[in-house]
Amino acid sequence: MKRIGIVDTTFARVDMAYYARRALAGAGTGIKVLPATVPGIKDLPVACRRLFLDGADLCLALGMPGKAEYDKTCAHEASLGLIFAAVLEAKPVVECFVFEGEAADDKELETLARRRAEEHALNAYSLLMRPRDLARRAGTGLRQGFADVGAVRPTH
Amino acid sequence: MKRIGIVDTTFARVDMAYYARRALAGAGTGIKVLPATVPGIKDLPVACRRLFLDGADLCLALGMPGKAEYDKTCAHEASLGLIFAAVLEAKPVVECFVFEGEAADDKELETLARRRAEEHALNAYSLLMRPRDLARRAGTGLRQGFADVGAVRPTH
Amino acid sequence: MKRIGIVDTTFARVDMAYYARRALAGAGTGIKVLPATVPGIKDLPVACRRLFLDGADLCLALGMPGKAEYDKTCAHEASLGLIFAAVLEAKPVVECFVFEGEAADDKELETLARRRAEEHALNAYSLLMRPRDLARRAGTGLRQGFADVGAVRPTH
Amino acid sequence: MKRIGIVDTTFARVDMAYYARRALAGAGTGIKVLPATVPGIKDLPVACRRLFLDGADLCLALGMPGKAEYDKTCAHEASLGLIFAAVLEAKPVVECFVFEGEAADDKELETLARRRAEEHALNAYSLLMRPRDLARRAGTGLRQGFADVGAVRPTH
Amino acid sequence: MKRIGIVDTTFARVDMAYYARRALAGAGTGIKVLPATVPGIKDLPVACRRLFLDGADLCLALGMPGKAEYDKTCAHEASLGLIFAAVLEAKPVVECFVFEGEAADDKELETLARRRAEEHALNAYSLLMRPRDLARRAGTGLRQGFADVGAVRPTH
Chain A
1 MKRIGIVDTT FARVDMAYYA RRALAGAGTG IKVLPATVPG IKDLPVACRR
51 LFLDGADLCL ALGMPGKAEY DKTCAHEASL GLIFAAVLEA KPVVECFVFE
101 GEAADDKELE TLARRRAEEH ALNAYSLLMR PRDLARRAGT GLRQGFADVG
151 AVRPTH
Chain B
1 MKRIGIVDTT FARVDMAYYA RRALAGAGTG IKVLPATVPG IKDLPVACRR
51 LFLDGADLCL ALGMPGKAEY DKTCAHEASL GLIFAAVLEA KPVVECFVFE
101 GEAADDKELE TLARRRAEEH ALNAYSLLMR PRDLARRAGT GLRQGFADVG
151 AVRPTH
Chain C
1 MKRIGIVDTT FARVDMAYYA RRALAGAGTG IKVLPATVPG IKDLPVACRR
51 LFLDGADLCL ALGMPGKAEY DKTCAHEASL GLIFAAVLEA KPVVECFVFE
101 GEAADDKELE TLARRRAEEH ALNAYSLLMR PRDLARRAGT GLRQGFADVG
151 AVRPTH
Chain D
1 MKRIGIVDTT FARVDMAYYA RRALAGAGTG IKVLPATVPG IKDLPVACRR
51 LFLDGADLCL ALGMPGKAEY DKTCAHEASL GLIFAAVLEA KPVVECFVFE
101 GEAADDKELE TLARRRAEEH ALNAYSLLMR PRDLARRAGT GLRQGFADVG
151 AVRPTH
Chain E
1 MKRIGIVDTT FARVDMAYYA RRALAGAGTG IKVLPATVPG IKDLPVACRR
51 LFLDGADLCL ALGMPGKAEY DKTCAHEASL GLIFAAVLEA KPVVECFVFE
101 GEAADDKELE TLARRRAEEH ALNAYSLLMR PRDLARRAGT GLRQGFADVG
151 AVRPTH
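Protein chains in written order, with my numbering: chain A, 1 to 156; chain B, 1 to 156; chain C, 1 to 156; chain D, 1 to 156; chain E, 1 to 156.
Bear in mind the hints are in silico, worked out from the structure with no lab data behind them. Built from N, CA and C at the ideal position, the CB exists for glycine as well. No incorrect hints appear here.
Derived, one-sided and incomplete: chain C residues facing chain B with beta-carbon distance under 8 Å:
| hint | residue |
| --- | --- |
| 1 | 83 |
| 2 | 87 |
| 3 | 93 |
| 4 | 137 |
All chains, full assembly: derive it from the sequences and hints.
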């Protein structure tokens, strides 16, 4: 039994954790979810570290930075914190951020957030349970939330 | 009994700690405040770490960066330091910054600082005492100091 | 007896440490200064850490970044390093930087550097010896080197 | 027998690890490769740290940031994480990033990614097995993926 | 006998380590050099940490970032890494970077790199062997590679 911490925020405008949990449940068995909710993305790094200390083998950090320039700075700080927490614990943190400005309207935002949360959840699943699935797709231009761009060409 | 460190600055132009303490007192019992005041926002990270070593379970870091471009850099540095201190100690630091440039005049600045300090204080309270309150509001587009933007739509 | 490390640079164009020491001496007794001089501001963080290991209870880091765009980057790196050193040691580092571009001419630069060094030295003194002095001035809009801007209004 | 961790991503559009492994195999014997694949470049730092804990003596981190402005931010965050992981473990991480925008079309991207992966793999080999090869070429203006620019002049 | 680690890169276009070693040899006795060469500036921080673990008392990190905007980002990352390594080990890292764009042509680049390497080598020597030499020149506006700008005025 592997444990995945899933941390989300009250700042986000879509319940990304719902989609992530659903995708994980569909991916296979052998996963237990440790949930946590924090106010905003800057609160994610320490929440991940705490879930690691509670036994998580990997954390999925879900966030939705706003549209303002300052929100980009906050996302940058949060990202550095997530990398720091992951390296410190030597356990993966899968960052899943959706910037409000990436979508043209609310509907598109919901769709993008759902798809990205699902695809990053599957990445988290692969990292923990099926690393060979990732190895097989190395260098193939995968994207999360948008269409994959694909490999430049089949190389060898 | 949980302990919340509240650190503020002499640089800020509003007594944000007053509003934070008042909001905490109104939120419920079982909280003891450990106060500290430092000159500016860059002094907040180490002050938080020191309060953690003195027994704080969470720190609320209150600051008010000025209007100049350089103040944004200082806020960025302070934010990274706060995240670093939180991850290192594995205890939450709730950052509550109000940029002077966010408000049109002094009155608006006072109101914004008061509201944001109160709402972040309540977040701090929830993180420590009622994590389920945060979980229930995950993905609902909450904001601190301004009106909440709300969820994109009720999702499920 | 408390020990304050004072680190300055050969890059600066004003002997800021002289003014800082003089201000400390005037502030009260019970302080011993541990001095160090390094080439530039990026050398300050490790110098502070070394002074902490030598027994300093707080470090005052004095620097004067130049006018070029690159100097701002160096100051940013130095600031992050100072915050890192402070958090790591759980002891305060009071950063006192004067950007050459803040002053119109040499005379103004000297005056600004003197005043800021003095006022940050007094902040350092308060942090170590009279924390209540800082608490009393929380949220009152203090500035170092320029006139204080004051609180938005007497709040309560 | 030395061990080199090679980490690549599913985000990249070229199988850089293939070229890196081939170059390593051609460089000499005495190297064992520990492979890992992660979703994107921000996942590289923790993957390196994990390979170090599994016995790697050096890690080669292969990534291909996209063309958007945000991808530059991600690359910056990943780079800082790689440096942090390397310093923490006191073992080298050779970063090999190819920005999609560096190449005019897919063919050029493939060629650039192949060459840079090969040349960084040889750098990794030299760092571990033949440090004197690097010492001999100090200050000679080597580049990876593009033509070397050479030394300013034979100096002494 | 003090040990100075000198790390340079194959990316640089001038053999800065040659000039640094020569300047150190001319500065006095009692210094042993521990040399290392890495591919690029981002490899410097971990190389310094490794030399510290091998017994270095100080490291001189020599690098020459290119002219492109991206090179500035790399230099920034390398600088942060050097500060991190220095603080972590509590031993000085003297950074000596020459940006290719600082010089108008190859000849000027060679001269600038030589002078800056020599002057930073002397700084390294002073830090280890004659800290009072630095203290005497505190606040006197020294520069490395260009003419000193001097103190604003003799102050006291």
